[in-house]
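Engineer: From just these sequences and the hints, can you work out the full model?
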Amino acid sequence: MTKDPELRNDDWPASRLLRISEITADFRGARYLQALVLALARVLQVRFAMIAVRREGREHAQVLAIADGEDLSQPFRYLTRELPCHTVLGGEAVSVPCNIVELYPGANEIEAYVGQPLKGRDGAVIGLLAVEHTAPITSAAGMARVLRALAGRTAAEIEGEPDLLRA
1 MTKDPELRND
11 DWPASRLLRI
21 SEITADFRGA
31 RYLQALVLAL
41 ARVLQVRFAM
51 IAVRREGREH
61 AQVLAIADGE
71 DLSQPFRYLT
81 RELPCHTVLG
91 GEAVSVPCNI
101 VELYPGANEI
111 EAYVGQPLKG
121 RDGAVIGLLA
131 VEHTAPITSA
141 AGMARVLRAL
151 AGRTAAEIEG
161 EPDLLRA
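In the UniProt record's numbering, the protein residues as written are 1 to 167.
Just so you know, these hints were derived from the structure itself, not from any lab.
A portion of the hints provided could be inaccurate.
What the hints assert, rightly or not - Now the in silico label distances, taken between C-beta atoms and shown as ranges:
#1 A124 - E82: 30 to 40 angstroms
#2 E59 - G123: 15 to 25 angstroms
#3 G91 - R166: 20 to 30 angstroms
#4 P162 - G57: 16 to 26 angstroms
#5 P75 - G106: 35 to 45 angstroms
#6 F76 - K119: 37 to 47 angstroms
#7 D68 - G29: 30 to 40 angstroms
#8 R28 - V101: 14 to 24 angstroms
#9 G106 - P136: 15 to 25 angstroms
#10 A141 - R19: 33 to 43 angstroms
#11 D163 - A141: 30 to 40 angstroms
Where a beta carbon is used, it is the ideal one built from N, C-alpha and C, also for glycine.
Structural biologist: Here's what the structure looks like:
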């Protein structure tokens, strides 16, 4: 018998996505981004959830919304080198359920990462949607499906408020 919840329950991503959609349904723009990261952290039971936009190619990112557990943290700008965010901002989804520092030496404060690129209406990567955890993630594939399903609306909310792209 397996302990992986995704193998026991094919509805795992769908049930989480429905719950997140219910929580965020009434929000738009920056408020949606804040509600989304809080919902992701709570529903997916991860330490961090964040939305960031590209700066200077993919070398830097500006966090627009970040949840640390049940709380919103202050947005910040960061260098993406040696982090999974660099790969995501290059257009590739990343899912590392454990031992992330082996692949990304700069990610020394987390154990696991799942990230999805956010693409604008022209198809160019404008940012990322990601969750991070301080312990291994047993349902990384399901989390990746949830993030992929949320990426389109998240990108549209960012593009709908041009100030967010310049934040």
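Engineer: Of all the hints numbered above, which does this structure not satisfy? Sort the numbers upward.
Structural biologist: Hint check: 1, 5, 6, 7, 8, 10 fail, others pass.
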